[in-house]
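*Asks:* Build out the structure end to end from the sequences listed, making use of the hints.
Heads up: the sequence lines are chains A and B, in that order.
Using our numbering, you'd call the opening residue of the first sequence number 45 and step up by one each time.
Using our numbering, you'd call the opening residue of the second sequence number -2 and step up by one each time.
Source of the hints: derived by calculation from the structure; they are not laboratory data.
Mixed in with the good hints, there may be bad ones.
[As the list claims (entries may be wrong)] Straight line, CA to CA, 16 Å or less: simulated EDC-like cross-link-like pairs of lysine to aspartate or glutamate:
1. 100(A) <-> 75(A)
2. 38(B) <-> 84(B)
3. 11(B) <-> 56(B)
4. 144(A) <-> 75(A)
5. 144(A) <-> 84(B)
6. 38(B) <-> 75(A)
7. 112(A) <-> 75(A)
8. 112(A) <-> 68(A)
9. 144(A) <-> 56(B)
[Claimed, not checked] Residues of chain B clear of chain A, computed beta-carbon distances all greater than 10 Å:
10. 1
11. 5
12. 12
13. 13
14. 26
15. 39
16. 43
17. 55
18. 70
19. 85
Keep in mind the model is a prediction, meaning the values are calculated, not measured.
All C-beta atoms, glycine included, are put in the ideal place defined by N, C-alpha and C.
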Amino acid sequence: DQQVKQNSPSLSVQEGRISILNCDYTNSMFDYFLWYKKYPAEGPTFLISISSIKDKNEDGRFTVFLNKSAKHLSLHIVPSQPGDSAVYFCAASAHEGFQKLVFGTGTRLLVSP
Amino acid sequence: GAVVSQHPSRVICKSGTSVKIECRSLDFQATTMFWYRQFPKQSLMLMATSNEGSKATYEQGVEKDKFLINHASLTLSTLTVTSAHPEDSSFYICSAPRLTGPETQYFGPGTRLLVL
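*Replies:* Right, dumping it as structure tokens:
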């Protein structure tokens, strides 16, 4: 049972445009959400997070939006850069889980010059 | 700053042998560490929670007798893949909880295991 899903396995965007990566979850106990960037054979790199008490968090080029009623979050990257090309994972945790993370299925982003 | 290291970074072994992977917290203590596994082009799946001084907690479907976890000190957790088989070939990543900041865990760089 995949509690966190990223329905788009891949996304291609031109440099300078906006990249929008989506994530859906099913467990209503999740109250903290994170986005990671990952390269093959490396550990994930933290990008940005959001608590369930907020609906938006912004950090530089990265903005995460949370829609609790729809159990949906998205990561916006603008402007996209070729160096952003990687696999992006959303992850969720529940307070009771003490930081145990449930990862989504991943979206491969390709930003072309 | 605080980081998590893993050793080895990659290992190739023959089927039937056991492989030990170390996860160390550098410059901080971790009473809890997490072990994840990632198969090619798939998600990171939590395997188990390593607890210093007590037994590890395994996720559903993970064989505790096959994946032995020992958290012998506040800075070291080890994962031993016993009697490894080709289907155990995967990327193993450990992490340690971070008590402050938006990033809740420090992740290690991962260990690539290939079982022939």
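*Asks:* Indicate, hint by hint, whether the structure satisfies it.
*Replies:* Now for the hints, and whether the structure bears them out:
| no. | hint | verdict |
| --- | --- | --- |
| 1 | 100(A) <-> 75(A) | 14 Å, holds |
| 2 | 38(B) <-> 84(B) | 15 Å, holds |
| 3 | 11(B) <-> 56(B) | 26 Å, violated |
| 4 | 144(A) <-> 75(A) | 12 Å, holds |
| 5 | 144(A) <-> 84(B) | 25 Å, violated |
| 6 | 38(B) <-> 75(A) | 27 Å, violated |
| 7 | 112(A) <-> 75(A) | 9 Å, holds |
| 8 | 112(A) <-> 68(A) | 10 Å, holds |
| 9 | 144(A) <-> 56(B) | 11 Å, holds |
| 10 | 1 | 8 Å, violated |
| 11 | 5 | 12 Å, holds |
| 12 | 12 | 22 Å, holds |
| 13 | 13 | 25 Å, holds |
| 14 | 26 | 16 Å, holds |
| 15 | 39 | 7 Å, violated |
| 16 | 43 | 6 Å, violated |
| 17 | 55 | 12 Å, holds |
| 18 | 70 | 20 Å, holds |
| 19 | 85 | 17 Å, holds |
In this structure, the hints that do not hold are numbers 3, 5, 6, 10, 15 and 16, in rising order.
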